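Sequences and hints are given; from them, build the entire structure.
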Amino acid sequence: EAGVAQSPRYKIIEKRQSVAFWCNPISGHATLYWYQQILGQGPKLLIQFQNNGVVDDSQLPKDRFSAERLKGVDSTLKIQPAKLEDSAVYLCASSLDSGITDTQYFGPGTRLTVL
Amino acid sequence: GNSVTQMEGPVTLSEEAFLTINCTYTATGYPSLFWYVQYPGEGLQLLLKATKADDKGSNKGFEATYRKETTSFHLEKGSVQVSDSAVYFCALPFGQGGKLIFGQGTELSVKP
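Chains A and B are the protein sequences, given in the same order. Add 2 to the 1-based position in the first sequence for my numbering, that's all there is to it. Add 1 to the 1-based position in the second sequence for my numbering, that's all there is to it.
Think of the hints as simulated: they come from the structure by calculation, not from any bench. Source: prediction; values computed, not measured. Yeah, the Cβ is synthetic: ideal placement off N, Cα and C, and Gly gets one too. A couple of the hints might just be wrong.
Partial list, derived from the structure: chain B residues whose beta carbon lies under 7 Å from chain A [unchecked claim]: (1) S33; (2) G44; (3) T52; (4) F90; (5) P94; (6) G99.
Next comes the structure, spelled out in structure tokens:
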């Protein structure tokens, strides 16, 4: 079974530029998460989708971050404009459903460096 | 709200030493508890989980017991190997819908 795919793996941009990340979850997984992992910290949830609807985006900085999951499969996360403090690894995860015992499977992440 | 606290690293051990990484939590009710591991250059992967009080999760020689009396879920391994070198994260769900809150991670380095 293929895992969660993410691209690109690395991205370097200058502040105030825009950037987009792509995630393809495990086939059949209804729930998709985006997490931000700053160096030396644990991942923090940005947004959760159930199929193509948003379940929780309360921790997404909506003035600069946006995310979508069209057709309930792939998802993109965008930052516009980027700030220095956005430098982090952006992790996508998926799970079969959104129950509290459902295992989340993580992709390799996209490492973003903002100069 | 739910929260999780892990012991700080880095932890450096010799091969075959005993490992304990402490994790304590605060939560409403009795949520599932998870340990995730992040090997160098790789994504997070589930190491083990426990879904109710007194459950013991185990995998790859690692164990953790869900202790509601002490609100703890400490990770243990009797004999670590160099290949266990990684960052370990304790996690539990918060709010509705399965999203996780993670500890800050504990880096383990095992020397031959």
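Quick rundown of the hints versus the structure:
1. S33: holds, 5 Å
2. G44: Since the shortest Cβ distance to chain A is 4 Å, the answer is holds.
3. T52: holds, 5 Å
4. F90: Constraint on B:F90 satisfied, holds at 5 Å.
5. P94: Holds. Min distance 4 Å.
6. G99: With a minimum Cβ separation of about 4 Å from chain A (threshold 7 Å), the hint on B:G99 holds.
Checked against the numbered hints given earlier, the structure satisfies every one of them.
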